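Enquirer: Hey, can you work out the whole structure from these sequences and the hints?
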Amino acid sequence: NSFEEKIGFKSIQNQVAAFCLCPMGKRKAEEVSFCSDFKVISRLIHQTNEMKTICQMEDSFPIDGYADTTPFLERIKLKGTWLDEIEIFTLRRSLDAIRAVIRFLKKGDKPTYPYLADLAKGIDYFPFVAERIDTILNRFGKIKDNASPELARIRGEITSKQTSVSKRIGSILKAAQSDGLVDDDATTSVREGRIVIPISASNKRKLKGIVHDESATGKTVFIEPVEVVELNNEIRELEYDERREIVRILVDFADSLRPYLPDLLRAYDFLGDIDFIRAKGLFAVAVAGAMPILQAEPKVYLRQAVHPLLVQALKREGKQVVPLDIELNQENRILLISGPNAGGKSVCLKTLGVSQYMLQCGFLPPVLENSEMGIFSKLFIDIGDEQSIENDLSTYSSHLLNMKYFVKHAHENALVLIDEFGAGTEPLAGGAIAEAILQQLTQLGTFGVITTHYTNLKHFAANTQGIVNGAMLFDMGKIEPLFRLEIGKPGSSFAFEIARKIGIPEDVLKLAEAKTGIDHITFEKHLKEISRDKRYWERKRNQIRISTKKTEEYEKQLAEELGTIKDQRKDILKKAKDEADAILSKSNKIIENTIREIKESDADRVRTKKARATLEEQKREVSEQEVDADSSIEKRMEQIRLRQKRNEERKAKKGEAKVSPETKKKSPKPITAGEKVRIIGQDTVGEG
Numbered sequence: 221n222s223f224e225e226k227i228g229f230k231s232i233q234n235q236v237a238a239f240c241l242c243p244m245g246k247r248k249a250e251e252v253s254f255c256s257d258f259k260v261i262s263r264l265i266h267q268t269n270e271m272k273t274i275c276q277m278e279d280s281f282p283i284d285g286y287a288d289t290t291p292f293l294e295r296i297k298l299k300g301t302w303l304d305e306i307e308i309f310t311l312r313r314s315l316d317a318i319r320a321v322i323r324f325l326k327k328g329d330k331p332t333y334p335y336l337a338d339l340a341k342g343i344d345y346f347p348f349v350a351e352r353i354d355t356i357l358n359r360f361g362k363i364k365d366n367a368s369p370e371l372a373r374i375r376g377e378i379t380s381k382q383t384s385v386s387k388r389i390g391s392i393l394k395a396a397q398s399d400g401l402v403d404d405d406a407t408t409s410v411r412e413g414r415i416v417i418p419i420s421a422s423n424k425r426k427l428k429g430i431v432h433d434e435s436a437t438g439k440t441v442f443i444e445p446v447e448v449v450e451l452n453n454e455i456r457e458l459e460y461d462e463r464r465e466i467v468r469i470l471v472d473f474a475d476s477l478r479p480y481l482p483d484l485l486r487a488y489d490f491l492g493d494i495d496f497i498r499a500k501g502l503f504a505v506a507v508a509g510a511m512p513i514l515q516a517e518p519k520v521y522l523r524q525a526v527h528p529l530l531v532q533a534l535k536r537e538g539k540q541v542v543p544l545d546i547e548l549n550q551e552n553r554i555l556l557i558s559g560p561n562a563g564g565k566s567v568c569l570k571t572l573g574v575s576q577y578m579l580q581c582g583f584l585p586p587v588l589e590n591s592e593m594g595i596f597s598k599l600f601i602d603i604g605d606e607q608s609i610e611n612d613l614s615t616y617s618s619h620l621l622n623m624k625y626f627v628k629h630a631h632e633n634a635l636v637l638i639d640e641f642g643a644g645t646e647p648l649a650g651g652a653i654a655e656a657i658l659q660q661l662t663q664l665g666t667f668g669v670i671t672t673h674y675t676n677l678k679h680f681a682a683n684t685q686g687i688v689n690g691a692m693l694f695d696m697g698k699i700e701p702l703f704r705l706e707i708g709k710p711g712s713s714f715a716f717e718i719a720r721k722i723g724i725p726e727d728v729l730k731l732a733e734a735k736t737g738i739d740h741i742t743f744e745k746h747l748k749e750i751s752r753d754k755r756y757w758e759r760k761r762n763q764i765r766i767s768t769k770k771t772e773e774y775e776k777q778l779a780e781e782l783g784t785i786k787d788q789r790k791d792i793l794k795k796a797k798d799e800a801d802a803i804l805s806k807s808n809k810i811i812e813n814t815i816r817e818i819k820e821s822d823a824d825r826v827r828t829k830k831a832r833a834t835l836e837e838q839k840r841e842v843s844e845q846e847v848d849a850d851s852s853i854e855k856r857m858e859q860i861r862l863r864q865k866r867n868e869e870r871k872a873k874k875g876e877a878k879v880s881p882e883t884k885k886k887s888p889k890p891i892t893a894g895e896k897v898r899i900i901g902q903d904t905v906g907e908g
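Be aware that the sequence shown starts at 221, since it is given in our numbering, and climbs by one per residue.
Honestly, the hints are just simulated from the structure, not real lab data. All figures in this text were calculated on a predicted structure; none of them were measured in a lab. Backbone N, C-alpha and C fix where the C-beta goes; we use that ideal spot for every residue, glycine too. Incorrect hints may have been included.
[What the hints assert, rightly or not] When the alpha-carbon atoms are kept at most 30 Å apart in a straight line, the in silico BS3-like pairs for lysine-lysine are as follows: (1) Lys624 to Lys226; (2) Lys797 to Lys786; (3) Lys230 to Lys770; (4) Lys709 to Lys760; (5) Lys341 to Lys259; (6) Lys770 to Lys760; (7) Lys797 to Lys760.
[Said to hold, decoys possible] The following label-pair restraints were derived from C-beta to C-beta distances: (8) Thr736 to Asn549: 31 to 41 Å; (9) Leu731 to Glu772: 54 to 64 Å; (10) Gly438 to Thr301: 43 to 53 Å.
Expert: Written out as structure tokens, the structure is:
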């Protein structure tokens, strides 16, 4: 089995090929290959990501007329060859498709999809070829009568002679019907390109002519009357002339096309690329593929990664995949995953393998966009049963051959994926060989993900720089795997717990535990306890994180409200100032009017009193507006202060709750007369 089949990439290729519109795109999907050139990969990934956006956001992207004209364009490289009507019609429609795609990608002053627009640079859609085709074919793909003057003349003669034949044979048919030789409802038909009359076999000698066919039963024969034989011969000769003229037109068109064949083939290769990239975009939409942050150096930092085939399989069953977070870097280059059987170790390994392979083939892997993915020059895999009958190799021998190849060819830019490392032989020897190979891979600086059940490998990883343990988590309560990867600690196989759940007798399990040895049991027990405690403290940490986040959001809200109040205060003060200025201006006018009235009335007592009352009313109005503005601001400020105070009191209560009664200091009790007391630092006891 190939690498692509082992990680599931071959199935992904088939799905992408199914999204393609034409054979060129399908061929490109089937022939896609692993690439290690960072610039090429970056370009391919950006193109696919832009097409994913088009598939999601654009309804006007052209998808009609995609066709593979390459085979017949290659054929007409030879002089004297030509394209038939169907091929020319296909060429015309596909040129329209190329033109539509180029216009879509290049619309606007600055292209919306720059990487795809770059792909269209230098690609021509040959408008003059389309125009030439339009002079040859009608909109149904048939040769036009006026494709050439000679063709128009020939077809004119054919039409004229066919009309003459129709009239003449019509007269013969009526006469035959009158003579009772032919049924009254009989009509002429065409046999071997000749217009004929159907007549019963018993009367065939009564109508002179040539028999061209007979019915299945032999009761009816089809006769070409002798009177129209010569005219039909002339029509047949004209039809030969017509075909020769059509071939001449097609050869002439092929000759005119031949100098442009290299550019035409390049244009159709572009159309095939667009078809393939569109298929990759559709697949990315289907599996939630995303463009990670690309790095030129080897690196793995997958966030919420899933295997697309597993997503599809579980979706059909109404289930969901548990996403994985996987990280490999210069400090931790190899991840050693352990845990229960059917706990997701192999899925984890395949998920990384298919994600990396998809990326380096220009596909968008199903990961979060904040994932970081580097480039590896080589990918190696050892997974599954590779027993070879033909080569007389056992499963373990096949694995060893793979290990030999890995050790010989792996290096610091390679990624090695090994499933069930060391399995298939006697555990003690298998574990020792696996540990030695792991040490060699570590010294080579190779990146890798390795799954195992061997305890010695877990210990080796814990004590070796560059390797990190990882565990597939297990629910001890339900006795079932959680399919979650936790990096930083080894996992337990939970063999005894799974055996108990299945129903293995307890006395058998007790005997097995005794045979396993206390050291192994203790190690497994500690792993389980660590796993359980870690999950407990993770839950607590999450609760604290949520509470802290809520408190921060509340404080932020208070700060924003306080800022709003301050802004409102400024606005109110400005408005009050503006109103005060207006009132002052109004008051000045009133005062001036009052003084003028008093002067004009020669200090008349009634008018003077009225003027003073007007001034007092204006004064009261100004005072009330000032009081209202100040009280509104103070009221809002007081509300904010109270809310802040309540928040601080809540925090203080939480802080007190965290201090256990044992840690609180007891207040000293006052000494009463007659009580027994002991001086600190001495043994002497007396009365107080």
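Enquirer: Each hint needs a verdict: does it hold in this structure or not?
Expert: Tested hints:
no. : hint                         : result
1   : Lys624 to Lys226             : 19 Å, holds
2   : Lys797 to Lys786             : 16 Å, holds
3   : Lys230 to Lys770             : 47 Å, violated
4   : Lys709 to Lys760             : 20 Å, holds
5   : Lys341 to Lys259             : 18 Å, holds
6   : Lys770 to Lys760             : 15 Å, holds
7   : Lys797 to Lys760             : 55 Å, violated
8   : Thr736 to Asn549: 31 to 41 Å : 36 Å, holds
9   : Leu731 to Glu772: 54 to 64 Å : 57 Å, holds
10  : Gly438 to Thr301: 43 to 53 Å : 45 Å, holds
Checked against the numbered hints given earlier, this structure breaks hints 3 and 7; the rest are met.
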